[in-house]
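J.: Spelled out, the chains give:
Protein chains: 2
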Amino acid sequence: MTTPVVPGRGPLRPLGLNEVRLTGGHWGERQAVNAANTIGHCLHWLEQLGWIDNFTRAATGAPFERAGREFSDSEVYKLAEAMAWEIGRTGDPGLEARFAELTAIIGAAQEEDGYLNTMFGHPGQRPRYSELEWGHELYCYGHLLQAGVARLRCYGEDGFTRLCRRAADHVCDVFGPGGAEKVCGHAEIEVGLAEFARATGETRYLEQARLFIERRGTRTLGDGGFGRAYYQDDVPVREAEVLRGHAVRALYLSAGAVDVAVDTGDDALLEAVRRQWDRTLARRTHLTGGMGSRYIDEAFGPDFALPPDRAYSESCAGVAAVMTAWRLMLATGDLGYSDLIERVAWNVLSGAAAPDGRSFFYANPLHVRTADPLPPGDGALPHQAAGGQRAPWYDVSCCPTNLARTFAQFAVYLATADETGVQLHQYAPASVDTVVGGSRFALTMVTSYPDDGAVVVRVEANDGGERTVSLRIPAWAEGASVTGPDGTTTEVEAGSTAAVTADFGPGDEIRLHLPVTARWTVPDPRIDAVRGCAAVERGPVVLCAESIDLPGGADVAELTVDASVPPVERDGRVFVSAQVHDRDGDWPYGPATPDGEGKSAEVALIPFRRRATRGPASMRVWLPLG
Amino acid sequence: MTTPVVPGRGPLRPLGLNEVRLTGGHWGERQAVNAANTIGHCLHWLEQLGWIDNFTRAATGAPFERAGREFSDSEVYKLAEAMAWEIGRTGDPGLEARFAELTAIIGAAQEEDGYLNTMFGHPGQRPRYSELEWGHELYCYGHLLQAGVARLRCYGEDGFTRLCRRAADHVCDVFGPGGAEKVCGHAEIEVGLAEFARATGETRYLEQARLFIERRGTRTLGDGGFGRAYYQDDVPVREAEVLRGHAVRALYLSAGAVDVAVDTGDDALLEAVRRQWDRTLARRTHLTGGMGSRYIDEAFGPDFALPPDRAYSESCAGVAAVMTAWRLMLATGDLGYSDLIERVAWNVLSGAAAPDGRSFFYANPLHVRTADPLPPGDGALPHQAAGGQRAPWYDVSCCPTNLARTFAQFAVYLATADETGVQLHQYAPASVDTVVGGSRFALTMVTSYPDDGAVVVRVEANDGGERTVSLRIPAWAEGASVTGPDGTTTEVEAGSTAAVTADFGPGDEIRLHLPVTARWTVPDPRIDAVRGCAAVERGPVVLCAESIDLPGGADVAELTVDASVPPVERDGRVFVSAQVHDRDGDWPYGPATPDGEGKSAEVALIPFRRRATRGPASMRVWLPLG
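The listed protein sequences derive, respectively, from chains A and B. Quick note: to get the numbering used here, add 615 to the position in the first sequence (first position is 1). Quick note: to get the numbering used here, add 615 to the position in the second sequence (first position is 1).
The hints are simulated quantities; they were obtained by calculation from the structure and are not laboratory data. Among the hints, a few may not be true.
Because identical chains share one entry, a pair is satisfied inside a single copy or across any pair of copies.
[To be verified] Listed below are the simulated DMTMM-like cross-link pairs for lysine to aspartate or glutamate, each with C-alpha atoms no more than 25 Å apart in a straight line:
id, residue 1, residue 2
1, LYS1214, ASP838
2, LYS1214, GLU727
3, LYS797, ASP1177
4, LYS1214, ASP1164
5, LYS1214, GLU680
6, LYS1214, GLU1075
7, LYS1214, GLU748
8, LYS1214, ASP1139
9, LYS1214, ASP788
10, LYS797, GLU716
11, LYS1214, ASP918
12, LYS797, GLU1184
13, LYS797, ASP838
14, LYS1214, ASP773
15, LYS797, GLU822
16, LYS797, GLU644
17, LYS1214, GLU817
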C-alpha cells in the first residue's frame, strides 16, 4: 500500500503510487525531473553544507561545530521521504543504496533512549527540549516519521523504520501522559505521529498526536518574538475561527488535527478545522492558492490583507495546504477540496521549482516590482530575499526537499476509490488501476489539460459490473459538460461532482469538457491591495505579465488593461488589450488623477508558474484597469 | 544662540529658541506637554529599565549584566538633548539639576581615551568596534554629540560638553586619517559630528564627518542580515539615486551629508542628496509624509510600494525627515522643503505621541484593520507590534526620546531670517523677535491655523526700514491670498513663496488666507496599494475614518465613499458621503465584482493624528471609492 495518507475511516479510499501512475504531461514531467535532478540536487547541497555530516559528528559524542539552522535535520528527513516514495514508485537501486547510507548515518546519531537531534543535548549544546519555542526538535521528528511512513508503505520494516519507531516511542515517553505537558513551536509532529500510528498500527502514537493537538493553544509556549498566535498557541485548535500566525505551522497543525479528528471520531474537531479552512479560503488566500501575507513572520495577515507584492505564499505553505485539503477531502468525501489542490499545484508548487528542478522560490509573490538578477556567487540565498529569481538553495531551505517529497507522491492526488467506483480529482495523463467492490477497475486519462479542456477517461478493465466514475468539476468551470459512454452529453454545474454510472466495458470512454478559455477574474472589493485590478486565469492556471513582453522596455508599473475586452488566445498564447503609460510627477497625491492615456498595446501573458524563466523581469498577476 | 542647526553658509539664517517662541496653539500645547510629561516619562522608563544604570555599572569596571538593546545608551543622550533644549527655552532649575546628575552618571562611564559605550569593551563584553554592522557605537556618539550641541548652544561649556569633546576626539583618533576605514551600521555620527564642529569651531570634526560620508557605500560593512542597502553601504552617497534601505538610517545619513556638503562647499554632494530626496518624495513617501514601507527591515520599499496597512512610517523616520528637509531648506533657501516638515509634523510626529505625551506609536500605518486593545500588562511593547494603540514604551524605544527632543526644539522650524527680512515656514501662534540687517525686527503670528485658514502676522517692532516678510504657500493651497499692510489683497500661487515688502511699523499686519477647506485627494495610479481610493485632507492635515464613527458597529473594511460629493464641514467636523456594505463569499475571486450596493451613511472623519484616542478601532486614511 504505497499510499501517503490512509485515514482510519472516511467515505473515500486513497490510492497508492502503485494504483495511480502519471503517464506523461506536466506532472509526469515534474515527477521525472524531480527524480532525475531535484533529489540529487538536494543531496548535493545537504552534503556540501554539512547538514548530513551533522549526524556523523553528533554520533562521535565529541563537541562539534554544527552546520545549519536548528531545523536542518528535517531537510535530511524530507529528502529521505522523497527518496522513499520514489523508490516505491520505481525501485531505483541507486536510490535504494543511498537511502541505506542515509539510514546508517542518521541511525548512528540516535541515542540509546531514542532521542535524535543534532542541535541539542550533545557536549557543548543546550539541553534537550530546553527551547521548545524555537528548537524544532519535535518538528524534526514529525518529518522523520513522515519519511518512516513512506518507507513502511513502500518497502516495509527496515533499519530506518526501526529508528523511527524508537524516536516515536521516545516522544511518547517524554511528552506522553505524566510527561512534559508541552508542544513544539512548529507543528508537524502531530501529522507525523498520526500517520505513523496508521502505518504501524500503534495507537499510542495516535494518542500522543491527540495530546499535542489538545495542548496547542493552552499557552505552554513562551511569547517568543512574534506572540503566541505565531505558533497557534494562542487559542485551542477546536476554538479557533481562522488560520493565523506562521502559515506553514498553521497548515501542518491543521493537517494533523484532521488526522486526529478522523481516527478518534472527534467530529467537533474536524468541524473546527473545516470552519477555519473555509474562512481562510474566503479571506486569507491569494488567487494562486498561496497562503501567507507577511514577510516578517511568514504569517497569515488579517482578513483580506493579501498584498500581491508581499504575498509571502511560501512554497512550503503550498505543500502544507495540499496536505490539509487532501485530508479534509478524504474525511468528508467532498471533491471540492481538490479545487484548492489543483490551484496550488499549478500556480504555487509547480512554479516554485524551475523547469530543471534545480532552483526554487521560497516565497511566491504575485507581483515583482523590479527586474533584478540573482546576487552574484553560488551560495545559498537568504530565504527572505524578495527577489524575482529562483535560487539553488537558501539559508532556511525547507522548500526544495518539501517540493521533492510532494512531486514524488503527486500521482496519488489524482484519484480515490470507494465501493462503487473511482473519483477523479486532477486531470492529467495517467492510469488508475485499482479494486472497486472486490474487483479490478482500471482507467486511463488521456488529456493535454489544461492547455486543452478535453479529458478522455477510458475504461481499460472492469471485472465488476456497474461502476461510477465521478469527476470533479472545478468551481471556475462554467459551461463544463460530460459525455458518457452512450454518447449522451450533459452540462454539469461548476463546483459540482459529475457522476457517470454504467456497466463499463474495456474501451468505454467518458469525455469531460472543461472550458479552459482565458477569462478575466476580479477580486472581492475588500482586498485592498488589488482593488481596481483584474487578473487573467485559464482553467486552473493563473497568468501574469512580465516586463519582457511589454513594448519598448516598459515596466509592469506602467501597464493598464481593458478588461471589457476578453483575453484573446492565439498560437497557444494569451493576449490582453493594454495601455503602456509614461508618467511623472513631484508628489504623488493631488486633487485629480493624472491623465490615464497611454500607448495602446496587445500584451502577451504567461502562466505564473513560468515566470522568471527568461531572465530578470518585473512581473504582475493583478493588472490595473485603465 | 539657541539654534539646533547653523550651517556654515546658506541664503537663510536659522533662528534660535530665544528668537522664535510658541505662544499657544497646537504646537505650544505639544511643547508644554512635552516639558510637563514626556521628558519625565522617558526618564522614568530609562531608570526603571536600567538603561541609565548601565552607565553606573560600566563605570565600576566589574562585569555586569547590561540592560537594553545595543543602542540603549542613545536614548539617554536623546533625552539629554531634549532636556538641554528645554533648559535653554525655560531655564527650568529642576531640569538643570537632573541634567547635571545625568552628566555625572554618563561621564563616570567614559574611558580615559574618550571611549564611551556600555555595551562593548568592558569585562565580559565583546571588544570595542568589533561589530560595526550592528554595534551602534558610533551611532550612540552621534546622539551624544547632538546633545552636546544643544548644551553648548543653550548653556555653554560644561562637564557634559567636555565629555562630548573627548568622545568626538576619540572618534577622530580611531576612525580618522590613518585609522580604521570603517563606518557605523547606523548613520548618525555624521550629522552629530558636523554640527558639533559648528558649535565648537573644531574643523577636525567636520573632516571626520566628511570621511564617514565618503566611506559609506564603499562596502566596508559586511552583508548583515538584510544586505548592504539596509545601511546604505551599497552605493556611495553621491552616486545614489533615491533613498533606500532602513529609513531612519537613510535620512540621518542624508541630513549629515547635507551638513558636510554645505560646510565643505561640495555642491555635487548637495545635489546628490536633493536628487534622492526629490525622488523619494515623488515615489516613496506616504500621504502623511511618513517614510518606510517595510516592517521586516524598517525600510523604504521600491518606488510606489506604499501599502497603507504596512506603512511602517516610523516615528523616528519622521524626525529624521524633518532634519533632512530643514537642512535642505537652509542650504537652498527654498521654502518648499518646509511643506514636508508641515505634513510630517501634523500627521506623523504630533500623532505619534498621545495627547498626554505618555504613550507613543513606533510605526504609523495609514490603515489599521482590526480594533485591538493594547496587550495586558504595563511592560514595554515589541516595537514591531502592528497594533493600533500607542504604548508607553517599546523594547526598541527610540521614538519617545526622539519625539521629546523634536517637540522641545520645534519652534525653530517656524521661521528664518536673512539680511532683508523674515521667512515664515509654519503658521502657529508664535512670536519672532530677531535681528535683520543689524536692526531688531519682531513679529507675532495670531492664528488658529489649520482649524482656520486665517493667519495674521503683526509687526511688533521694526528698528530698520524696508523689510520683507516671506510666507510659504503650501503646495496644496490653491486659492491662497495675502493682504498687505496697505490693505491690498493678492492671490498667491500654491507652492510658491509670497513676499510682502514694506517699511513696516509696529501694528502693521499681513493677513494670509490659506484655503483649509476639506478636500478629496487621489493617489498616483502607480501606487498599487491605494488604487481606487481617495483620502480627505484639510490644509496639511490628513483625515481618517475610524470604525467608532461608523453606523451599527461596522468595520472600516465595509466602507466605500462617494468622492464626487465634496466633504462637508459642520460644527468643526468633516463628513463624507459613504456606503456601508455587508458582504460575504466563499472564494474572493470571480468573473464579476459582487454588487456594490450598501447602506448610505454620512461618516465623520477625524484628523489622523487624533486616531486611537477613543479606544480600539479599525481605521483607514485611504477610503475605497464606491
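J.: It remains to establish, for every hint, whether it holds in the given structure.
T.: Tested hints:
Taking CA atoms no more than 25 Å apart as the test, LYS1214 paired with ASP838 passes in neither setting, with 54 Å inside one copy and 42 Å between copies. In this homomeric assembly, LYS1214 and GLU727 never come within 25 Å of each other (Cα to Cα): the closest approach is 72 Å inside a single copy and 69 Å across copies. In this assembly of identical chains, the alpha carbons of LYS797 and ASP1177 never lie at most 25 Å apart, being 55 Å within a copy and 53 Å across copies at closest. Taking identical chains as interchangeable, the C-alpha atoms of LYS1214 and ASP1164 lie at most 25 Å apart only when both belong to the same chain, with a minimum of 15 Å there against 44 Å between chains.
In the homo-oligomer, the alpha carbons of LYS1214 and GLU680 never lie at most 25 Å apart, since the shortest distance is 60 Å inside one protomer and 65 Å across protomers. Taking the shortest Cα distances, LYS1214 and GLU1075 never come within 25 Å of each other, neither inside one copy (55 Å) nor across copies (59 Å). In this homomeric assembly, LYS1214 and GLU748 never come within 25 Å of each other (Cα to Cα): the closest approach is 55 Å inside a single copy and 47 Å across copies. Proximity of LYS1214 and ASP1139 under a CA criterion of 25 Å is satisfied inter-copy only: 18 Å between copies versus 29 Å inside one chain copy.
In the homo-oligomer, the alpha carbons of LYS1214 and ASP788 never lie at most 25 Å apart, since the shortest distance is 70 Å inside one protomer and 60 Å across protomers. In this homomeric assembly, LYS797 and GLU716 never come within 25 Å of each other (Cα to Cα): the closest approach is 34 Å inside a single copy and 49 Å across copies. In this assembly of identical chains, LYS1214 and ASP918 lie within 25 Å of each other by CA distance solely across copies; the values are 22 Å between and 37 Å within a copy. For the homomeric pair LYS797 and GLU1184, neither the shortest alpha-carbon distance inside one copy (56 Å) nor that between copies (58 Å) is at most 25 Å.
In this homomeric assembly, LYS797 and ASP838 come within 25 Å of each other (Cα to Cα) only inside a single copy, at 14 Å, whereas the closest approach across copies is 38 Å. For the homomeric pair LYS1214 and ASP773, neither the shortest alpha-carbon distance inside one copy (67 Å) nor that between copies (67 Å) is at most 25 Å. For the homomeric pair LYS797 and GLU822, the shortest alpha-carbon distance inside one copy (15 Å) is at most 25 Å, but the shortest distance between copies (59 Å) is not. Taking the shortest Cα distances, LYS797 and GLU644 never come within 25 Å of each other, neither inside one copy (43 Å) nor across copies (52 Å).
With identical chains, the CA atoms of LYS1214 and GLU817 are never at most 25 Å apart, being 68 Å at best within one copy and 58 Å at best between copies.
Of the numbered hints stated above, those contradicted by the structure are hints 1, 2, 3, 5, 6, 7, 9, 10, 12, 14, 16 and 17, listed in ascending order.
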